[in-house]
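Asker: Protein chains in written order, with the numbering used here: chain A, 2 to 372; chain B, 19 to 365.
FYI, nobody ran anything at the bench for these hints, they're computed from the structure. Please read all numbers here as calculations on a predicted model, not as lab measurements. From the three backbone atoms N, C-alpha and C, an ideal C-beta is built for every residue, glycine too. Hints may be right or wrong, so weigh each one.
[To be verified] Covered by chain B, per the in silico footprint, the following chain A stretches (three or more residues, Cβ under 8 Å):
id: 1; segment: 211-225
id: 2; segment: 236-247
id: 3; segment: 310-316
[What the hints assert, rightly or not] In silico lysine-lysine, BS3-like type, Cα no more than 27 Å apart, as pairs:
id: 4; chain 1: B; residue 1: Lys207; chain 2: B; residue 2: Lys189
id: 5; chain 1: A; residue 1: Lys148; chain 2: B; residue 2: Lys305
id: 6; chain 1: A; residue 1: Lys250; chain 2: A; residue 2: Lys121
id: 7; chain 1: B; residue 1: Lys166; chain 2: B; residue 2: Lys140
id: 8; chain 1: B; residue 1: Lys155; chain 2: B; residue 2: Lys133
id: 9; chain 1: A; residue 1: Lys287; chain 2: A; residue 2: Lys340
id: 10; chain 1: B; residue 1: Lys291; chain 2: A; residue 2: Lys152
id: 11; chain 1: B; residue 1: Lys226; chain 2: B; residue 2: Lys273
id: 12; chain 1: B; residue 1: Lys273; chain 2: A; residue 2: Lys148
id: 13; chain 1: B; residue 1: Lys176; chain 2: B; residue 2: Lys159
id: 14; chain 1: A; residue 1: Lys152; chain 2: B; residue 2: Lys273
id: 15; chain 1: B; residue 1: Lys214; chain 2: A; residue 2: Lys152
id: 16; chain 1: A; residue 1: Lys152; chain 2: B; residue 2: Lys296
id: 17; chain 1: B; residue 1: Lys176; chain 2: B; residue 2: Lys89
id: 18; chain 1: A; residue 1: Lys152; chain 2: B; residue 2: Lys326
id: 19; chain 1: B; residue 1: Lys140; chain 2: B; residue 2: Lys159
id: 20; chain 1: B; residue 1: Lys291; chain 2: A; residue 2: Lys148
id: 21; chain 1: B; residue 1: Lys166; chain 2: B; residue 2: Lys133
id: 22; chain 1: B; residue 1: Lys89; chain 2: A; residue 2: Lys152
id: 23; chain 1: B; residue 1: Lys305; chain 2: B; residue 2: Lys195
id: 24; chain 1: B; residue 1: Lys133; chain 2: A; residue 2: Lys276
id: 25; chain 1: B; residue 1: Lys326; chain 2: A; residue 2: Lys148
id: 26; chain 1: B; residue 1: Lys285; chain 2: A; residue 2: Lys326
id: 27; chain 1: B; residue 1: Lys326; chain 2: A; residue 2: Lys199
id: 28; chain 1: B; residue 1: Lys195; chain 2: B; residue 2: Lys271
id: 29; chain 1: B; residue 1: Lys271; chain 2: A; residue 2: Lys152
id: 30; chain 1: B; residue 1: Lys133; chain 2: A; residue 2: Lys148
id: 31; chain 1: A; residue 1: Lys276; chain 2: B; residue 2: Lys89
id: 32; chain 1: B; residue 1: Lys189; chain 2: B; residue 2: Lys266
id: 33; chain 1: B; residue 1: Lys273; chain 2: A; residue 2: Lys276
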Amino acid sequence: MQFSVDKNNLLSHIQKVSKVSPTRSTMPILNSILFDIKENQLTLRSSDIEITMNATLNVNGKEDGAVALPTRIIYDIINEAEEGELILSSDTEGACTLKSGKGVFEIMGRPGDEFPSLPKISNFNDVEIENSTLRRMIQKTIIAVSKDELKPALMGVLFQIKRHEIRTVATDGHRLVCLIRQDFQNEAYEGEVIIPVKFLNLLLGYLDSEGTTLLSISENHVKVELDSTVIYSRIIDEHFPDYESVIPKDNDKIISMDLNSLLSTIRRVVIFSNKTTHQISLSLSKNITKISTVNQESRTSADEEVDINYSGDDMVVGYNAEYLKEILRNVDTNNVILKLKSSISACLILPEEQKENEDFTMLLMPIRLNE
Amino acid sequence: MDAFFASIEQRDHSQYRHRPIAVGGEGPRGVVAAASYEARKYGVFSAMPSRTARQKCLDIIFVAPRFDVYKSVSSEIMQIFREYTDLVEPLSLDEAYLDVTINKRGMRSATLIAKEIKSRIKALTRLTASAGISINKFLAKVASGMNKPDGLTVIPPKDVEQFIRQLPIDKFFGVGKVTGAKMKALGIKTGADLLKYEQIDLIRHFGKAGTYFYNVSRGFDDREVKPERIRKSFGAERTFEEDIIQYKMLHDKLKSIAEELGHRLEKYGISGKTVTLKVKYHDFELKTRCAGFSSHKSSSEEIYTITKNLLHSSDLPRKPIRLLGISLSNLNTAENADRNTQLTLEF
Chain A
2 MQFSVDKNNL LSHIQKVSKV SPTRSTMPIL NSILFDIKEN QLTLRSSDIE
52 ITMNATLNVN GKEDGAVALP TRIIYDIINE AEEGELILSS DTEGACTLKS
102 GKGVFEIMGR PGDEFPSLPK ISNFNDVEIE NSTLRRMIQK TIIAVSKDEL
152 KPALMGVLFQ IKRHEIRTVA TDGHRLVCLI RQDFQNEAYE GEVIIPVKFL
202 NLLLGYLDSE GTTLLSISEN HVKVELDSTV IYSRIIDEHF PDYESVIPKD
252 NDKIISMDLN SLLSTIRRVV IFSNKTTHQI SLSLSKNITK ISTVNQESRT
302 SADEEVDINY SGDDMVVGYN AEYLKEILRN VDTNNVILKL KSSISACLIL
352 PEEQKENEDF TMLLMPIRLN E
Chain B
19 MDAFFASIEQ RDHSQYRHRP IAVGGEGPRG VVAAASYEAR KYGVFSAMPS
69 RTARQKCLDI IFVAPRFDVY KSVSSEIMQI FREYTDLVEP LSLDEAYLDV
119 TINKRGMRSA TLIAKEIKSR IKALTRLTAS AGISINKFLA KVASGMNKPD
169 GLTVIPPKDV EQFIRQLPID KFFGVGKVTG AKMKALGIKT GADLLKYEQI
219 DLIRHFGKAG TYFYNVSRGF DDREVKPERI RKSFGAERTF EEDIIQYKML
269 HDKLKSIAEE LGHRLEKYGI SGKTVTLKVK YHDFELKTRC AGFSSHKSSS
319 EEIYTITKNL LHSSDLPRKP IRLLGISLSN LNTAENADRN TQLTLEF
């Protein structure tokens with residue numbers, strides 16, 4: 002294999018694909034990037050088995066071939082290389098030479114055919130989504146995705162796609178976010194998939210521009226093509242829990258309050274809370290709520306009152322302040338609505354008013370407080 | 019009880035009497051579970067590798083343990099204790115704290131109770147016991163070990179201060195090899211030396227235990243005798259006949275340990291939020307890795323998956339392993355159960 006290419010052109014593509022390379026892996030080959038030359042086209046590929054990314058760029062090809070080079074070292078040297086042309090060549094064993102300016106760098110790679118091939122996928126259904134919609138649907142829900150490897154179904158965002166509606170849902174069992182958009186048209190596909198969070202984070206990096214993205218869904222995989230880059234991801238083959246059954250319908254204690262004053266109060270109070278539980282309590286009474294925390298270990302405590310609109314019975318309810326903060330930051334209206342039923346059931350957190358054609362619901366389970 | 023397991027074996031087998039015996043396996047992995055007083059003269063003690071015991075005493079006789087026998091003797095003894103008080107806190111099969119401040123017999127003297135219990139144990143089991151009597155757990159425990167075997171040591175309130183002052187530091191409960199060495203490095207050889215230290219300095223050197231040392235050196239120990247100790251962890255472990263390095267075999271072993279633990283957890287209805295893997299290597303290096311969760315774990319499958327991942331932690335050395343163990347802590351037991359809990363959506 003041999004080719005030459007401009008340093009910055011290659012660097013920008015390596016930066017992209019290196020995001021997929023796992024930091025630690027039981028398969029050492031995955032800690033490398035595949036360089037595959039066919040005529041004047043270089044394909045770079047990285048994979049963590051679940052997710053595979055392909056990026057192509059035009060180069061000056063001299064000899065076809067493929068080599069897998071260790072991600073860290075190839076990234077570092079190309080990052081530090083002098084501006085201008087780079088020449089990369091390798092033999093069939095994977096021994097690679099990089100020439101840049103007056104430098105000659107020898108890198109031991111692996112033969113290209115040892116790198117995992119692209120997933121074999123057929124029967125894609127293409128779903129076209131506006132970039133701005135897709136970005137919002139991912140950003141709003143991704144905060145609730147679980148990190149618990151023992152609950153694989155919750156380690157991604159559920160996409161429920163219908164002809165005229167698209168939903169994203171995520172939950173870690175303590176909180177849940179569901180976003181429904183009705184300004185959506187698609188004739189190709191109806192169904193649901195759980196898409197891994199890592200893929201969605203990668204995808205978010207490409208959704209800043211206007212336009213649309215084509216989400217291609219097959220039985221086991223999802224794929225997006227973004228200019229010269231293609232990302233494949235395995236779909237989480239698990240059953241997503243029946244989330245609709247836990248969204249309360251009869252929460253009748255309705256509170257509305259200024260979002261920013263609530264958030265800034267919580268930020269102050271949480272400084273004094275227990276560092277593992279982040280427990281705070283909201284003592285609700287007519288038109289006022291007291292937000293408090295007591296940390297027995299460090300003997301600190303905090304109390305602050307916030308004005309609210311509330312006319313129901315007095316009630317005290319505990320929350321993990323970190324969860325509550327994350328959820329409140331997700332609200333993009335000036336006021337936030339909290340709907341409660343009891344101190345041991347889920348609280349609904351809603352924007353003051355829904356955007357057009359949108360239904361945005363968040364749920365947070367409280368901490369049971371014992372006196 | 020004095021040399022409990024070994025004494026039972028000598029009682030039941032006349033050929034072992036007045037001979038150095040060790041209860042435990044003699045194989046390459048064997049460990050002495052108990053040594054008779056004859057063996058102790060040679061420097062053989064419990065928890066010593068059997069090989070070392072053999073080196074110290076060529077004539078030593080190894081006797082396979084009969085735990086069912088020890089357990090039944092143990093329950094006979096505990097039964098006697100409970101005739102005097104319900105406040106019996108067993109420390110092991112053959113050792114317990116008794117709070118006899120108020121006792122079922124209405125006896126005024128703890129010393130008399132101890133004498134009576136000792137003679138009843140002897141009559142019933144033909145075994146000797148040693149008793150320590152004092153104003154708190156710490157002193158009673160130290161006293162019980164003072165005149166073994168068949169001892170009875172009383173530290174009356176008026177003697178407490180003097181007793182602690184002269185007490186060698188390694189006789190303090192909680193001072194083993196490591197802490198003992200640390201104490202000696204600080205010039206602490208007796209209780210009197212310990213008294214010279216401020217609480218804050220002891221905490222600096224010994225963490226939480228610093229407060230304990232500070233208090234007990236002043237004769238102060240307000241720990242109650244708890245009839246049933248609240249378990250803080252629940253575990254199972256296994257020493258292999260041969261060291262293992264292959265992951266596949268380690269996985270099999272881990273799985274069976276997880277299953278054993280899972281069964282016991284199920285039996286007692288216990289679950290925990292922290293899972294710890296213990297690995298002892300062929301060179302006795304000990305490593306532990308733990309994982310914490312927001313929800314309680316108790317199923318053997320979950321525990322297996324978690325500990326398998328821990329076993330693959332990249333910072334664990336890759337060398338032959340002689341022992342694997344799993345334990346669960348942060349338990350759902352009474353003390354923790356009523357703490358505030360993050361509630362979960364019920365799908």
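Asker: Each of the hints needs a verdict: does it hold here or not?
Answerer: We went through each hint and held it up to the structure:
Counting residues of the segment 211-225 of chain A whose C-beta sits closer than 8 Å to any C-beta of chain B gives 0, which falls short of three, so the coverage hint is violated. With 5 residues carrying a beta carbon less than 8 Å from a beta carbon of chain B, the segment 236-247 of chain A meets the three-residue requirement, and the given coverage holds. A count of 0 residues in the segment 310-316 of chain A with a Cβ less than 8 Å from any Cβ of chain B is obtained; the coverage claim is therefore unmet, three being the minimum. For the proposed pair B:Lys207 and B:Lys189, the alpha carbon gap of about 10 Å is at most 27 Å, so the pair holds.
A hinted pair counts as satisfied when its Cα atoms are at most 27 Å apart, and A:Lys148 with B:Lys305 qualifies at roughly 26 Å. Between A:Lys250 and A:Lys121, the direct Cα distance comes to roughly 44 Å. Violation of the 27 Å bound is thereby established for this hinted pair. Simply put, B:Lys166 and B:Lys140 have alpha-carbon atoms about 15 Å apart, close enough for the 27 Å limit, and the pair holds. Between B:Lys155 and B:Lys133 the alpha-carbon distance is near 18 Å, which keeps this suggested pair within the 27 Å criterion.
Taking the CA atoms of A:Lys287 and A:Lys340, the gap is about 15 Å. The hint holds against a cut of 27 Å. Straight-line distance between C-alpha atoms of B:Lys291 and A:Lys152 comes to about 15 Å, which keeps the hinted pair within the 27 Å bound. Distance check on the hinted pair: B:Lys226 and B:Lys273 sit about 35 Å apart at the alpha-carbon level, beyond 27 Å; violated. In summary, the hint linking B:Lys273 to A:Lys148 is supported, as the alpha carbons are separated by about 24 Å, within the 27 Å threshold.
In summary, the hint linking B:Lys176 to B:Lys159 is supported, as the alpha carbons are separated by about 18 Å, within the 27 Å threshold. The suggested pairing of A:Lys152 with B:Lys273 holds, with an alpha-carbon distance near 20 Å, which does not exceed 27 Å. A threshold of 27 Å between alpha carbons decides the hint, and for B:Lys214 with A:Lys152 the separation of about 55 Å lies outside it, so the pair is violated. Straight-line distance between C-alpha atoms of A:Lys152 and B:Lys296 comes to about 25 Å, which keeps the hinted pair within the 27 Å bound.
Between B:Lys176 and B:Lys89 the alpha-carbon distance is near 38 Å, which puts this suggested pair outside the 27 Å criterion. With a C-alpha separation of about 16 Å, the suggested pairing of A:Lys152 with B:Lys326 holds against the 27 Å cut-off. Among the hinted pairs, B:Lys140 with B:Lys159 is consistent with the structure: their alpha-carbon atoms are about 21 Å apart, no more than 27 Å. Between B:Lys291 and A:Lys148 the alpha-carbon distance is near 15 Å, which keeps this suggested pair within the 27 Å criterion.
Our distance criterion of 27 Å between C-alpha atoms is met by B:Lys166 and B:Lys133, whose separation comes to about 14 Å. Restraint check for B:Lys89 and A:Lys152: not satisfied, since their Cα atoms lie roughly 42 Å apart, outside the 27 Å limit. About 19 Å separates the Cα atoms of B:Lys305 and B:Lys195, which keeps this hinted pair within 27 Å; it holds. Between the alpha carbons of B:Lys133 and A:Lys276 the distance comes to roughly 52 Å, so the proposed pair goes past 27 Å and is violated.
Annotation: proposed proximity of B:Lys326 to A:Lys148 holds, straight-line Cα distance about 18 Å (limit 27 Å). Taken as a hint, the B:Lys285 and A:Lys326 pair is broken in the structure, with Cα atoms around 40 Å apart against an allowance of 27 Å. For the given pair, B:Lys326 sits about 23 Å from A:Lys199 by alpha-carbon distance, which is consistent with the 27 Å threshold. For the hint linking B:Lys195 to B:Lys271, the alpha-carbon distance of about 31 Å lies beyond 27 Å, and the restraint is violated.
As the CA atoms of B:Lys271 and A:Lys152 are separated by approximately 25 Å, the hinted pair is consistent with the 27 Å bound. Of the supplied pair hints, the one linking B:Lys133 and A:Lys148 is violated, its CA atoms being roughly 60 Å apart against a limit of 27 Å. About 44 Å separates the Cα atoms of A:Lys276 and B:Lys89, which puts this hinted pair outside 27 Å; it is violated. Taken as a hint, the B:Lys189 and B:Lys266 pair is broken in the structure, with Cα atoms around 45 Å apart against an allowance of 27 Å.
Distance hint between B:Lys273 and A:Lys276 is unfulfilled; the C-alpha atoms sit about 34 Å from each other, more than 27 Å.
Taken one by one, the earlier hints fail for this structure at numbers 1, 3, 6, 11, 15, 17, 22, 24, 26, 28, 30, 31, 32 and 33, listed in ascending order.
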